[in-house]
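*Asks:* Sequence:
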Amino acid sequence: DLVEKQPCSLSSSRVCECRPGLFCQLPVVDSCSRCQQHSACKPGFGVKTRGTSTNDVTCEECPAGTFSDQSSSTDICKPHT
Numbered sequence: 184d185l186v187e188k189q190p191c192s193l194s195s196s197r198v199c200e201c202r203p204g205l206f207c208q209l210p211v212v213d214s215c216s217r218c219q220q221h222s223a224c225k226p227g228f229g230v231k232t233r234g235t236s237t238n239d240v241t242c243e244e245c246p247a248g249t250f251s252d253q254s255s256s257t258d259i260c261k262p263h264t
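Counting in my numbering, the sequence shown runs from 184 upward without gaps.
Treat the hints with care, as some may be off.
DSS-like mimics (lysine-lysine), calculated; alpha carbons at most 27 Å apart, straight line [unchecked claim]:
| # | residue 1 | residue 2 |
| --- | --- | --- |
| 1 | Lys231 | Lys188 |
| 2 | Lys231 | Lys261 |
| 3 | Lys225 | Lys261 |
Listed next, with one range per pair, are the computed distances between beta-carbon atoms [unchecked claim]:
| # | residue 1 | residue 2 | range |
| --- | --- | --- | --- |
| 4 | Ser216 | Gln253 | 39 to 49 Å |
| 5 | Thr241 | Arg202 | 36 to 46 Å |
| 6 | Arg202 | Ala247 | 34 to 44 Å |
| 7 | Thr257 | Arg217 | 19 to 29 Å |
| 8 | Thr241 | Arg217 | 17 to 27 Å |
| 9 | Lys188 | Gly227 | 27 to 37 Å |
| 10 | Asp213 | Arg233 | 22 to 32 Å |
| 11 | Ser195 | Pro246 | 20 to 30 Å |
| 12 | Lys231 | Leu193 | 11 to 21 Å |
If you're looking for bench data, these hints aren't it; they were derived computationally from the structure.
Source: prediction; values computed, not measured.
Yeah, the Cβ is synthetic: ideal placement off N, Cα and C, and Gly gets one too.
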């Protein structure tokens, strides 16, 4: 679940982070002891803030005039057409 972010050097250890689609649930020095899949926003909610290697997705209820008809960890609310 981890990928190398920065290789080791004479003065520093290798730095790893969770691979895309995952975030670090239990960080440790220069790495992560547990990566977890980003949460999916349920129908009626869209992504407010995309997930990163260190933070989970945040969701928001779709405002009036927009919708979300599927669970997704990447999709924002779409306007009605």
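*Asks:* Check each numbered hint from earlier against the structure, then list the numbers of those it violates in ascending order.
*Replies:* 4, 5, 11, 12
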